[in-house]
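Protein chains: 2
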Amino acid sequence: MDTDQLADRIVAGDRRALARAITLVESSRADHRDQAVALIEALRAKTARQAVRIGLSGTPGVGKSTFIESFGMMLLGQGLRVAVLAVDPSSARSGGSILGDKTRMERLSREQGAFIRPSPSQSHLGGVARRTREAVALCEAAGFDVVLIETVGVGQSETVVAEMSDIFVLLLAPAGGDELQGVKRGIMEMADLILVNKADGDLKASAVRTQADYAGALRLLRKRPQDPEGFPKAICVSALQEDGLERAWDEMRALVDWRRDTGHFDARRAGQARYWFDQEVRQALLAQLETGAARARMDALAEAVADGRMTPTVAAQEMLDSLGGA
Amino acid sequence: MDTDQLADRIVAGDRRALARAITLVESSRADHRDQAVALIEALRAKTARQAVRIGLSGTPGVGKSTFIESFGMMLLGQGLRVAVLAVDPSSARSGGSILGDKTRMERLSREQGAFIRPSPSQSHLGGVARRTREAVALCEAAGFDVVLIETVGVGQSETVVAEMSDIFVLLLAPAGGDELQGVKRGIMEMADLILVNKADGDLKASAVRTQADYAGALRLLRKRPQDPEGFPKAICVSALQEDGLERAWDEMRALVDWRRDTGHFDARRAGQARYWFDQEVRQALLAQLETGAARARMDALAEAVADGRMTPTVAAQEMLDSLGGA
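If you read the sequences in order, they're chains A and B.
If you count by my numbering, then the first sequence holds residues 187 to 512, one letter each, in order.
If you count by my numbering, then the second sequence holds residues 187 to 512, one letter each, in order.
Derived from the structure by calculation, the hints contain no laboratory data.
Even glycine gets a Cβ: it sits at the ideal position worked out from N, Cα and C.
Possibly wrong hints are sitting among the right ones.
Said to hold, decoys possible - Selected chain A positions facing chain B (Cβ under 10 Å, derived; list incomplete):
#, residue
1, D194
2, G387
3, L389
4, K390
5, L406
6, L407
7, D447
8, G449
9, A488
10, A490
11, T497
12, P498
13, L506
Unchecked claim - Derived coverage of chain B by chain A (criterion: at least 3 residues anywhere in the stretch with Cβ under 8 Å from a Cβ of chain A; other residues may be distant):
#, segment
14, 239–253
15, 466–479
16, 482–496
17, 504–510
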């Protein structure tokens, strides 16, 4: 099957074609890479579909899988198609914090309108980022209405997910005491919507208190031009009891609609495209240093520098000359 | 005066020649850059002097200037020559957190055996790092026994200073309560010696308590192979009353002697040389993107990507092709 046929099948909604295409973009083989680029170009020519891309971050224990399952089922109930992707740079090493198998979202994975794909197995976050970004484009072309991109928030993975999402959602569990959880300020500043999960049973009161705390904290942050009145917002949900999920989706839609009307939606996607272009150029430039002859030369020069035979500056100049750059 | 003459004068201890050489390494003019590289090469051929390079970090208010002045005077009293350099990436913008003038170390700056140089005015930390590293080499060639490299610890500047020091010293003030100050864990892990300053007058008891707290915290850190028994260590000093300064120097010397005997001293310098080589290559590769034609091309491609005319991946490939790299 050539690239163009594969593209047609994806646009027609063939799930196996989609899965195969994602495997293609995840491959690091050079010929696969070329095919992947050609495929995405072909899809860009065939369709201009846009999904709502929702970035979702939450540490283990907040009930992320349960939330995605319940939230996904609710969206399906509204006639929407949902794809779930993951960014988990740790997946190559430990099997990952996000489980690769589909057992954790059993109901959702059995649905025709849902597509679940674990994080690509790459230890390098840059690699995971590009592959996920391309998988998002494939899912959009395949006609999914909502693409959920989840992360556990290891290192920079939240930034990576926020930079490929239209809205960024932070899922939290009720705090034990009456204090804010150790959410990094940078993450708070990225969030469009904070969902305090587990607002059920014994934890309900605690969830409400936590929600109020975060609502207060969000009000202290500087107002961003891309936010309508009242955003960023914190609300309670219960993934277990499927409570508050429609409200969460309504809030997301309201935010997306406002941003579409005001041009912020397109501006954000344009800014993200610039960002990824810049990242790709930088990563590729630095990747030159990791391959065959260049790697050997780097090692030899590093040895000379460590022995004191050369200064770092002179050795660096020699390396750059050998690359033919700078 | 040619490079070789300048090198001879530096080795002979001519302070004006040293100041002039540092101005040369701080310049970003291409011809100055070439002269600076040639000068450092010439000095490497002429002398193999090694100073003890002490990195010193402390936030504003801990009494860093007073400490450097008292500590420097004490070293002069022992017949040692002392150079003081600074790494302050904020100096280009605001005039810097570290004052550029010599008024803050009045006594020391009047001494023949001391040399004080403010941070180079570069807003880019990479630029400050290289220039300071080269200034350290110049001060060593000029026969200084101790080179103090101070930083206020803005962003990554502590890492930069630690990567050019033989020992890294953290200067702290007595804590208000009975809790540790908000010292980042990463900084604690870099420190070889913590000095709790202001152990005098009303603050003495508080300083002793703070010192005990940090001593306890340091014991909880994983033992590093480059540390003899008892290190890293926390002790009290009073820069104002010139108390504990000899002890601090004795501890530093004991640490340096042990590391020399065990090979850790040379291994650290070798590792640092590798690190700076790697950094210089990477920075130079990325700097290609900032110059004339490449910058214009980056901007044009970013525009095409933002408009949706190209994907980031295809645009990045085009950029790399135009650089002739990858």
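Checked hints:
1. D194: The hint is violated - D194 of chain A has no Cβ within 10 Å of chain B, the shortest such distance being about 19 Å.
2. G387: violated, 36 Å
3. L389: This interface hint is violated because 30 Å lies over the 10 Å limit.
4. K390: violated, 34 Å
5. L406: Violated: closest Cβ of chain B sits about 19 Å from L406 of chain A, beyond 10 Å.
6. L407: Result: violated, 21 Å to nearest chain B Cβ.
7. D447: violated, 19 Å
8. G449: Constraint on G449 of chain A not satisfied, violated at 13 Å.
9. A488: holds, 5 Å
10. A490: With a closest approach of 9 Å, the A490 of chain A hint holds.
11. T497: For T497 of chain A, the interface hint holds, since the closest Cβ of chain B sits about 6 Å away, which is under 10 Å.
12. P498: holds, 4 Å
13. L506: Holds, because the Cβ-Cβ distance from L506 of chain A to chain B comes to roughly 5 Å (cut-off 10 Å).
14. 239–253: It is violated: at least three residues are needed, and the segment 239–253 of chain B offers just 0 whose Cβ sits closer than 8 Å to chain A.
15. 466–479: holds (count 9)
16. 482–496: Contact hint for the segment 482–496 of chain B vs chain A: holds, 7 residues under 8 Å.
17. 504–510: holds (count 4)
Figure legend: structure checked against the earlier numbered hints; hints not met, in rising order: 1, 2, 3, 4, 5, 6, 7, 8, 14.
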